[in-house]
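Modelling step: build the complete structure from the supplied sequences, incorporating the hints.
Numbering (the working numbering), first residue to last: 12 to 306.
Keep in mind that the hints are not guaranteed to be accurate.
Here are the simulated SDA-like cross-link-like pairs (lysine to any residue), alpha carbons at most 25 angstroms apart as the crow flies [claimed, not checked]:
no.	residue 1	residue 2
1	246	261
2	94	193
3	254	204
4	283	171
5	182	103
Restraint-style ranges between C-beta atoms, simulated for each label pair [as the list claims (entries may be wrong)]:
no.	residue 1	residue 2	range
6	64	302	22 to 30 angstroms
7	207	302	25 to 33 angstroms
8	298	178	24 to 32 angstroms
Simulated from the structure, these hints should not be mistaken for lab results. For each residue, glycine too, the CB sits at the ideal point set by N, CA and C.
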Amino acid sequence: MLALRHIGRAGGLVLAALLCGCVNLGPVREFAGSSARLTGYQGVTERYVTSADRQLADLPPDKRYDPLRAKLQNLRTVSARDKDTLLKLHATTTGYMAALALLAGEDAYSVAGELGKVSDAIAASEDLHIDAGHVQAYSNIAQRVVNWALAVQQAKDVKRMVERNGEDMDKLLEAMELATQAYGIVLRDEAASYDARSELREAAWTAELKGDSELTPARRDAVVTLLRRTARIDKAAQADALKAQQAAAAGIAQVRAAHSALVRNVDRLDDKQLQATLREAAADLKSIRKSFATL
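This is the structure we're talking about:
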């Protein structure tokens, strides 16, 4: 009877846990883990902050280009000043997502080390007619109670983390989204002005100066070939940079949208639509990461 009372109490706790519901945190874990690897943001940031230097290096010293030179020098100052802020935004948002993924992890609330203690909680007794089967039954149910209780606590902790940080995280993701869109403007301007700068560089390198006996037709052809080959490489790099910027912007927008859905539905983490949204976002981010591997 004593064993039955133990089992009855444990069974009641199991029933209470069942009534509370065990939330499937898998979609939260997958989404947060994928978001912790926000695709391409750092690389695109580096490309943005060095854009002015690349353009200034190709700009002829002619006074006609002084207004453009001043604009680019200002861009260089601004981008260098903002680089640290931009990278800290990335570090903070990905750090939050990594922490959320860890909190929602399958092993985050492990009780493996307590298994022996549970088995030792009661002992067989001839006087009480408690045998090894009763001990094992107690151990099994007590273990399930612990697992369910921890699962409920884990869901509460995930909910609390999202509630406390959701609004601020949305603001940080918005800042990253706006910054990445601004990168696109700078990189498109750089690509648009490249042809003109390339033609000026070719004209300057192949100009025949008074007394220049070295500029033979063969040398001129070699210079032109080299410059045009360089231009092809540069333009391919610019195209890849724009693709990377667009992919990074899409990735951040995806993270922000899915995280907003998580915040709105944090009281219903088992909601099927929310879980589908989080899984879709995780899959999309994985696809975006794969696309970066080809650039």
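Status of each hint after checking the structure:
no. : hint                            : verdict
1   : 246 <-> 261                     : 23 angstroms, holds
2   : 94 <-> 193                      : 13 angstroms, holds
3   : 254 <-> 204                     : 18 angstroms, holds
4   : 283 <-> 171                     : 20 angstroms, holds
5   : 182 <-> 103                     : 12 angstroms, holds
6   : 64 <-> 302: 22 to 30 angstroms  : 27 angstroms, holds
7   : 207 <-> 302: 25 to 33 angstroms : 31 angstroms, holds
8   : 298 <-> 178: 24 to 32 angstroms : 29 angstroms, holds
Every hint, counting from the list given before, is met by this structure.
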